[in-house]
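Kindly generate the complete structure, drawing on both the sequences and the hints.
2 protein chains.
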Amino acid sequence: LSTDDEDTFKILIATDIHLGYLEKDAVRGNDTFVTFDEIMKCAKQNEVDFVLLGGDLFHDNKPSRKAMHNCMEALRKYCMGDKPILFEVLSDQAVNFGNSKFPWVNYQDENLNISIPVFSVHGNHDDPTGADGLCALDLLSCAGMLNHFGRSLSVEKLEISPVLLQKGSTQIALYGIGSIPDERLYRMFVNNQVTMLRPREDENSWFNLFVIHQNRSKHGATNYIPEQFLDDFLDLVVWGHEHECKIAPVRNEQQLFYITQPGSSVVTSLSPGEAVKKHIGLLRVKGRKMNLQKIPLHTVRQFLIQDITLMDYPDIFSPEQPNVTHKVQAFCQQKVEEMLEEAEKERLGNPQTPEKPLIRLRVDYSGGFESFNTMRFSQKFVDRVANPKDLLHFTRQREAKDDEGIDFEALLSRPSSEVLQLRVEDLVKEYFQTAEKNMQLSLLTEQGMGKAVQEFVDKEERDAIEELISYQLEKTQRYLRERHVEASEEKIDEEVSVGLRGGKKMLKPEGRTLGVRVGVGCKGPDRERRREGTFNGS
Amino acid sequence: LSTDDEDTFKILIATDIHLGYLEKDAVRGNDTFVTFDEIMKCAKQNEVDFVLLGGDLFHDNKPSRKAMHNCMEALRKYCMGDKPILFEVLSDQAVNFGNSKFPWVNYQDENLNISIPVFSVHGNHDDPTGADGLCALDLLSCAGMLNHFGRSLSVEKLEISPVLLQKGSTQIALYGIGSIPDERLYRMFVNNQVTMLRPREDENSWFNLFVIHQNRSKHGATNYIPEQFLDDFLDLVVWGHEHECKIAPVRNEQQLFYITQPGSSVVTSLSPGEAVKKHIGLLRVKGRKMNLQKIPLHTVRQFLIQDITLMDYPDIFSPEQPNVTHKVQAFCQQKVEEMLEEAEKERLGNPQTPEKPLIRLRVDYSGGFESFNTMRFSQKFVDRVANPKDLLHFTRQREAKDDEGIDFEALLSRPSSEVLQLRVEDLVKEYFQTAEKNMQLSLLTEQGMGKAVQEFVDKEERDAIEELISYQLEKTQRYLRERHVEASEEKIDEEVSVGLRGGKKMLKPEGRTLGVRVGVGCKGPDRERRREGTFNGS
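If you read the sequences in order, they're chains A and B. Following UniProt numbering, the numbering of the first sequence begins with 1 at its first residue and continues without gaps. Following UniProt numbering, the numbering of the second sequence begins with 1 at its first residue and continues without gaps.
What the hints contain is simulated information worked out from the structure, not anything from laboratory work. Hints should not be assumed to be uniformly reliable.
Any copy will do: because identical chains look the same in the list, a pair fits if it lies in one copy or spans two.
What the hints assert, rightly or not - The calculated SDA-like cross-link candidates involving lysine to any residue, where the alpha carbons are at most 25 Å apart (straight line), are:
| id | residue 1 | residue 2 |
| --- | --- | --- |
| 1 | K380 | E370 |
| 2 | K83 | N350 |
| 3 | K10 | R462 |
| 4 | K451 | A221 |
| 5 | K10 | E73 |
| 6 | K77 | N252 |
| 7 | K380 | S470 |
| 8 | K459 | D60 |
Shown next, in the form of structure tokens:
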């Protein structure tokens with residue numbers, strides 16, 4: 001498989017490029033753009049047949065103009081030209097790309113001279129939102145620069161029609177699922193609602209390639225996708241979303257397929273997984289044989305992380321020493337110097353690698369030690385590391401958890417890199433769980449509200465909450481009209497509670513409904529006005 | 001000129017399409033998209049050589065995904081294909097499109113099969129902003145779907161290099177100026193800083209076409225561009241920005257050129273100018289002769305406006321009558337019915353025209369009459385007009401103006417269509433003028449702050465204010481360092497005031513500086529911390 005011939009597909013595999021991540025940062029602002037350029041240039045230099053991306057091409061659901069512009073620039077620069085495309089699409093493209101206004105693979109559009117088609121599923125960062133269900137990839141798709149596939153419109157069942165590709169004698173069935181909330185996809189799998197369609201002819205002659213963008217590691221009982229859920233007819237799974245580079249294919253011994261996890265091409269959190277050297281893959285497929293060549297990325301900013309636990313050095317310092325904080329500080333400084341030295345050595349001979357590395361020193365100061373001013377400490381390295389603000393991180397072994405409700409203050413005061421990882425839904429959930437009973441709402445479900453707030457915050461969908469509320473209000477009004485409830489307030493409240501207790505599906509399209517009254521303390525004129533306003537459609 | 005031959009340029013002219021205007025409105029949401037489709041389809045049907053747009057293709061500086069998607073869809077649908085392009089670009093395209101990453105006209109890109117090139121300047125709605133100086137048109141440009149020209153990087157002088165086009169024996173020199181704040185452009189003209197370069201050869205053989213997007217009517221002494229400012233060698237000026245359709249070319253008898261003002265293709269304010277029937281133009285140019293054919297737009301929502309002054313009907317009602325408000329209401333209702341009838345008649349035979357018209361009745365109730373509840377009045381027409389919320393508008397002859405400061409409450413409670421027209425800079429200006437003296441800032445200029453707030457609000461540039469403040473702070477610090485001011489607070493304040501009073505240019509890059517103290521009441525530790533933080537670059 002090391003020789004390239006007319007029967008061998010050459011596919012560049014990458015994922016989680018997160019264009020636009022930290023784009024306002026004076027030091028790191030261009031990192032994602034530079035690395036995307038490196039990746040696409042690599043695709044061109046290797047004359048691949050196509051590029052396969054595993055989601056999160058963009059970091060923000062609504063990418064900045066700069067991010068979108070830089071992305072299009074690289075795609076136009078590296079993916080257009082006169083190189084002939086040597087493979088065919090055999091499947092029904094109107095099904096594969098049904099969501100597009102131009103439902104065919106871009107290289108077959110007679111108005112576009114594509115040299116390297118790019119195929120991508122969307123990730124959780126760049127997923128479709130809003131009334132039109134568009135995502136950033138759809139803009140690229142509409143511009144003819146990318147082929148967005150693996151898109152599903154149903155939230156209850158998935159039927160995945162592969163893109164069928166043929167080059168010489170080799171046939172690839174390309175399956176994909178764009179990011180879906182893990183719990184939902186988990187439920188669909190458990191309820192047997194995920195079907196992967198297979199080509200009618202020569203079922204066994206196809207190389208079955210599958211791209212997924214979900215949690216691979218277990219984040220909770222149903223908050224990930226167990227590998228075993230995936231069909232065993234697959235040959236290779238490209239797993240996006242997980243940022244640690246584990247690109248060498250690993251065999252799942254139960255299902256007998258291989259999994260490659262390319263990992264992100266940019267460090268978005270200062271955690272150990274991201275310190276693993278970043279790679280992309282050059283996948284060769286001939287017949288049903290494959291070979292995946294690791295290609296190191298040279299433009300990725302180095303990241304070194306180290307943990308120290310002060311208690312582990314009883315010979316050097318103890319909390320009782322008078323000058324202990326000073327000693328700890330000197331010790332930390334020495335550790336950082338060592339990491340910087342290591343980074344510098346490694347960077348030698350790699351002129352594309354940015355000068356300043358990311359460095360994180362995690363200091364466990366349990367056992368009576370005191371932390372010190374990290375700002376002042378960081379000043380010493382301000383010109384030598386890319387992340388002076390969060391260079392040092394103090395941790396303590398977990399204390400007993402305070403259960404008396406959610407502490408927003410504490411949450412918001414966490415360092416920014418951790419706030420970013422807090423999931424908005426969790427905040428909403430905790431809020432609903434801890435809110436006073438008589439403050440709760442009856443017509444809005446926890447899950448619906450959680451989803452709306454998340455879209456509002458994470459995806460900048462400004463109308464998400466308003467849309468949810470109008471939707472629920474309308475449903476309730478329809479229910480009341482259908483039951484001919486007269487306009488007395490008590491009766492309406494009663495009917496609504498009955499509707500809720502009776503488990504009428506129409507009142508809770510998603511998730512569990514909190515069976516408590518709406519509008520307690522909101523009586524008379526307000527109520528009246530609201531009713532008049534809404535029934536009259538204004 | 002009515003026959004199309006190989007020497008005749010056919011150019012479709014349109015402007016102010018405002019894609020995305022009111023896109024969330026349940027009734028009017030798609031209006032701009034539908035009309036843009038009509039315009040581009042018209043270009044295709046007429047087999048024009050190119051489309052020329054006069055700015056404000058987008059309503060929002062950061063168009064929604066839907067607006068961008070719909071725009072690209074229409075461009076790809078109507079402007080790509082096998083129709084040969086029969087004209088050449090003779091000028092240096094690296095100059096004409098110097099701001100683009102692909103600085104050549106899109107139809108000459110060998111990877112794009114363009115049938116109708118679109119040329120556009122930017123308007124005030126879709127102008128370049130932010131650190132990268134990109135605008136929405138640049139995204140289309142980067143995607144190869146549009147040719148953005150008339151872009152200038154200097155704020156002090158303009159040197160306009162025309163795009164030189166040749167078809168058969170006809171030569172067009174196409175000049176353009178993307179929108180610039182009127183005052184600035186006025187000043188540049190007055191200071192002779194606007195130069196329109198002319199082709200070296202056969203200067204008099206060229207048809208000189210110029211596109212501008214500025215105020216044409218006088219909004220203040222220097223807040224517009226007098227027609228006389230424009231060079232008299234021009235043949236035709238396409239004037240964007242003004243929404244009233246005055247597309248028939250009018251000769252400026254002083255300069256001896258013609259001006260066509262196509263007007264917007266969507267009604268964005270309920271004012272009389274917008275009630276003029278909307279058109280686009282089909283311009284034919286042969287040699288130095290031209291002909292402009294008006295093409296009515298069929299998809300534009302009808303808009304009828306009427307003014308009534310209650311005092312003008314002393315025979316019907318007087319303020320003293322007991323039932324007068326009731327009578328007025330009935331009278332208004334009748335007027336609206338008449339307008340609806342007129343609209344319906346006109347709409348007959350135009351199946352593309354949306355059903356519900358825009359209707360505005362302006363009622364001058366000066367002279368002791370009382371207004372009535374417009375909400376309740378509008379309810380009667382909620383299913384028949386597109387704008388029930390602002391159907392009726394009460395006016396009164398201007399009262400003596402209250403000078404005791406700006407009344408934000410009153411401003412914000414105006415009907416939304418008027419709030420949209422309020423200029424943010426005006427609010428900031430009024431705020432600065434009325435703020436208590438001791439609350440004012442000394443390092444921030446009124447104009448700089450006004451501009452930053454405007455970008456923040458109008459253009460959704462979230463970093464505009466922060467950037468201004470960092471910029472001014474840095475300048476001040478540099479000034480202080482250069483003068484070796486010691487770190488005593490009094491001395492610094494003193495130096496800063498000297499710097500300000502002395503009129504040092506570095507302290508006020510734009511506009512007049514308000515010579516009052518900064519940070520009054522902010523002493524000691526706060527001051528110290530701020531200084532430490534910024535001098536150390538964190």
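Right, here's what the structure says about each hint:
| no. | hint | in the structure |
| --- | --- | --- |
| 1 | K380 <-> E370 | within (20 Å within a copy, 72 Å between copies) |
| 2 | K83 <-> N350 | neither (30 Å within a copy, 49 Å between copies) |
| 3 | K10 <-> R462 | neither (42 Å within a copy, 43 Å between copies) |
| 4 | K451 <-> A221 | within (20 Å within a copy, 52 Å between copies) |
| 5 | K10 <-> E73 | within (23 Å within a copy, 31 Å between copies) |
| 6 | K77 <-> N252 | neither (38 Å within a copy, 46 Å between copies) |
| 7 | K380 <-> S470 | between (54 Å within a copy, 23 Å between copies) |
| 8 | K459 <-> D60 | both (7 Å within a copy, 18 Å between copies) |
The structure fails hints 2, 3, 6 (numbered hints given earlier, in ascending order).
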